[in-house]
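Order-wise, the sequence lines are chains C and X.
Take my numbering: the final residue in the first sequence is number 248, and no numbers are missing along the way.
Take my numbering: the final residue in the second sequence is number 269, and no numbers are missing along the way.
Keep in mind that the hints are not guaranteed to be accurate.
Stated by the list, open to error - Where chain C lies over chain X, by a calculated footprint (3+ residues, C-beta under 8 angstroms):
1) 190-201
2) 212-218
3) 233-246
These aren't lab readings, by the way, just hints derived from the structure by calculation.
Fair warning: this is a prediction, and the values are worked out from it, not measured in the lab.
Even for Gly, the Cβ is constructed at its ideal location relative to N, Cα and C.
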Amino acid sequence: MTLIDMRDVSFGYSRQRQVLHGVSLTVRKGVSVGLVGESGSGKTTLLRLLLGLARPTSGSISFDGEKLDISSRGFMRGYRRSVQAVFQDPYSSLDPRQKVRDIICEPLQSLRIPGFHGEAVAAALDAVGLPADAANRYPHEFSGGQRQRIAIARAIVARPQLVLADEAVSALDLSTRIRIVELFKRLSQTMTLVFVSHDLGVVASLCEEIVILERGQIVESGNTRAILDAPKHPYTQKLLQSVPRMPA
Amino acid sequence: MTPLLSVDGLTLKTGEKTLVSDLSFSLGAGERMGLIGESGSGKSLTAMAVTGLLPKSIVPTGSIMLDGQQVVGTPERALNGLRGSSVAVVFQEPLTALDPLMKIGRQVAGPLARRLAREGRSPSRREMERDVLQFLDHVALPQPERIANSYPHEISGGQRQRVAIAMALACRPKLLIADEPTTALDVTTQAEILKLLDGLVRELGMALLFISHDLPVVATVVDRVTVLRNGRAVEEGPVRTVFDQPRHDYTKTLVDAARAFDNALEGTA
Numbered sequence: 001m002t003l004i005d006m007r008d009v010s011f012g013y014s015r016q017r018q019v020l021h022g023v024s025l026t027v028r029k030g031v032s033v034g035l036v037g038e039s040g041s042g043k044t045t046l047l048r049l050l051l052g053l054a055r056p057t058s059g060s061i062s063f064d065g066e067k068l069d070i071s072s073r074g075f076m077r078g079y080r081r082s083v084q085a086v087f088q089d090p091y092s093s094l095d096p097r098q099k100v101r102d103i104i105c106e107p108l109q110s111l112r113i114p115g116f117h118g119e120a121v122a123a124a125l126d127a128v129g130l131p132a133d134a135a136n137r138y139p140h141e142f143s144g145g146q147r148q149r150i151a152i153a154r155a156i157v158a159r160p161q162l163v164l165a166d167e168a169v170s171a172l173d174l175s176t177r178i179r180i181v182e183l184f185k186r187l188s189q190t191m192t193l194v195f196v197s198h199d200l201g202v203v204a205s206l207c208e209e210i211v212i213l214e215r216g217q218i219v220e221s222g223n224t225r226a227i228l229d230a231p232k233h234p235y236t237q238k239l240l241q242s243v244p245r246m247p248a
Numbered sequence: 001m002t003p004l005l006s007v008d009g010l011t012l013k014t015g016e017k018t019l020v021s022d023l024s025f026s027l028g029a030g031e032r033m034g035l036i037g038e039s040g041s042g043k044s045l046t047a048m049a050v051t052g053l054l055p056k057s058i059v060p061t062g063s064i065m066l067d068g069q070q071v072v073g074t075p076e077r078a079l080n081g082l083r084g085s086s087v088a089v090v091f092q093e094p095l096t097a098l099d100p101l102m103k104i105g106r107q108v109a110g111p112l113a114r115r116l117a118r119e120g121r122s123p124s125r126r127e128m129e130r131d132v133l134q135f136l137d138h139v140a141l142p143q144p145e146r147i148a149n150s151y152p153h154e155i156s157g158g159q160r161q162r163v164a165i166a167m168a169l170a171c172r173p174k175l176l177i178a179d180e181p182t183t184a185l186d187v188t189t190q191a192e193i194l195k196l197l198d199g200l201v202r203e204l205g206m207a208l209l210f211i212s213h214d215l216p217v218v219a220t221v222v223d224r225v226t227v228l229r230n231g232r233a234v235e236e237g238p239v240r241t242v243f244d245q246p247r248h249d250y251t252k253t254l255v256d257a258a259r260a261f262d263n264a265l266e267g268t269a
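Just chain X, with the same shape it has in the complex (with noise of 0.2 angstroms):
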């Protein structure tokens, strides 16, 4: 079966600087699978190459086939149609990610709008309200009418998060990619999106690329990960397997770090 992402020898470069190099991997339908880096890594990068968001000055090459499309070097407007239905984000800063001018509930819809119209559905306002107000219940929002009446700036962080999610889960993508979706987020907010975009993905079925640079974060809602370093892939696997037995050094750095912060935790330092 032709996996939902295939990442061959992507390669991004601004001028003379080569900022990720030769990274190949691959993302089956359901599937899900964590990008590891820490900063400069180039994980973010790659997450915009895979939705054809890289800014003008980073030039790819390399393949990207999504979806059965090839999105390297494919013009905006073909990409256009595989973002929402194919690929969809939730990026890391929920308050920027907002339109500070528009009230949740419209946000909502829009994404919304275009995925029923896709479907060659027209649903009248009524419906369209009943329905945003339903995915705002899905990802466990309070008050549900009250929300959507809010602007973005007098909802929380945590449920400001929440809308971003129901926004990519209205488009119904069949691939999510979460940029460091938590790390904005206070831990015990964190410990809840967590819980519910992985309660989310599993579902409604949709793979699932996480970048993160906090591995038990990763830990908690991946299969596999893969682990970049100056971007390059230094190592990957499933994760279990990469955390016990990491095979390459700064793999090897990382996880000890991770596991001396969690054993001054519980006491065993």
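If we strip away everything but chain C, and leave its shape as in the complex, we get (with noise of 0.2 angstroms):
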């Protein structure tokens, strides 16, 4: 079942500034893709017009059958509790004067969602392996991995059909890392995910489908593996020969 469906899009901040140019993908229930680029590439601009915060210059992007159209409130209602996100940085994307509860909670009021949150913030901390005390106490308390747990929590407390990751593991140490990307693929079982990030060895731990991205335009797209194993674009084998590897 398509879950998303982008068709011949483009953006530009200005008319000068042309950022995507008639990018055309799908993304299916279940299946968690990539969207890989470098610095410039469009992967973010690509993420802000999922997230509803920017509208295409041309082309349509369709959520679940409809039109994703950011003026209509009653739609928006329903696609910002079926897609969620987590952002980069673990330290500027939660409130340092809230409680972790009512950081995990927001989603939930914002979206009016009846009944005893309670629940929901135990389930969401148990999900991401934080101890139900956790609820209790402020973000400067936990350490990057454990912020980025939280920001995962509140991505998944109204169980969204969609979870959108922004370079969600790249300012975490290594060790760090590994635990949250095991995280991620963990709830990719239950939901979709679109995971962005410049970093090959994560997105091919994690998702079944790639997107390559240069200037604003997909230069191949497919099966992961398929695509890991024989890049046919010159930039897909240009980023892969320059990822540095361990010693054999």
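Make the complex out of the two chains shown on their own, each in a separate frame, by following the hints.
Structure representation (structure tokens):
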């Protein structure tokens, strides 16, 4: 089943600065997709369009068969419930003055989801591997990796269909990064993940499908394993060759 | 032979807090060593201590002998003589390492002029301009004239890092410290910069102290590594031995994590 269908989408911050050129991609339910590109490739802009934070200059995006219409309140309320995000920097993406419980509760409150939220928060904390008493503490009491777990708990608390992660492990140390990648891998069994990253190793660990962006265009996309084993586009080949490896 | 750099029992403290504890290592002329560690391990502070650039609030004890001169407790004036001739640094973020208000050509000319003065030479303005262009060309910057006439914001991140390397090379230091020099760069640019750095260090016979959290990156440029954790060295040795047979649990965690991502790429996970 198609969750996201992006057709021939272009976007520019101004007429001179076109960032995306005719991008078409499909995200199917349950199939995690990695968006890979270097700085200036347009991957963050693509994510902003998917989050409904900007409108394509041309082309269309639909979600679950319905057109993504950011001017329609009704659509956007349902969309926000279905699509949540995790950002790169766990230090700036959590409000330092709120307790973890309130941070995680926020999507439930802003989406006006009725019911007792304590249980949902406890379940989300449990799902990301944090103890229940973390709810009563503040973000500064946690390490970078734990903060990213809190951000992930906030993203999954309303049980979205799709989680968009923007370089969500790039700011973490290696030993922490591998554990958060494991967490995402586990979560991707119950929800669809679109994972934006410049790190091919991380995407290879997490995503079944991969989309390679270069200067606002998709140069190659498809099954991750197939593309990494036999990259066709020269840019994908160069990207893959550039990744430093451990000595054999 | 006395090593070029000899760090012995280095401890760095701020107030009651110990940031680096009893660290010892040495580096001979032309040798290449990596300092590996995650955030808070003290790897960058160690580099700053070697160059005598620690913030005033951090107090070093122990000994750092660089090119026959004690660094710990030595006044700034004496250290200035070491900087450039004995040691130069390439930092992580080239945008903050360069003066935003000065054209690239003038920035590279600064350290070059100081080195030439040290060598008792006073080149004409024309010769200086020619030498600056040569250095920019040496770090494989396209159109050196245009780059020399540009401000830092007018060139790309990779080009800025090449300029920073050109400035460090213009000093002809015996030891080059590279502190996460490719962390802020894209992966394809990183590969180019590593290759460049590797080639230049070999060509000019400099010693290299390479600081990074990225194990595969370190492995591409150094022969020996020291692994730091919370300000302590937990393991050191030839890079292949440490990465193939890590003895300390922490090193093992890092190596396993790095290999897991490699295996995912190769499809052998």
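Within 8 angstroms of chain C's CB atoms, at least three CB atoms from the segment 190-201 of chain X: coverage verdict: Contact hint for the segment 190-201 of chain X vs chain C: holds, 3 residues under 8 angstroms.
Against chain C, does the segment 212-218 of chain X show at least 3 residues with beta-carbon separation below 8 angstroms? Coverage by chain C holds for the segment 212-218 of chain X (5 residues, Cβ < 8 angstroms).
Proximity test - 8 angstroms, beta-carbon atoms, the segment 233-246 of chain X to chain C, at least three hits: holds (count 4)
Taken one by one, the earlier hints all hold for this structure without exception.
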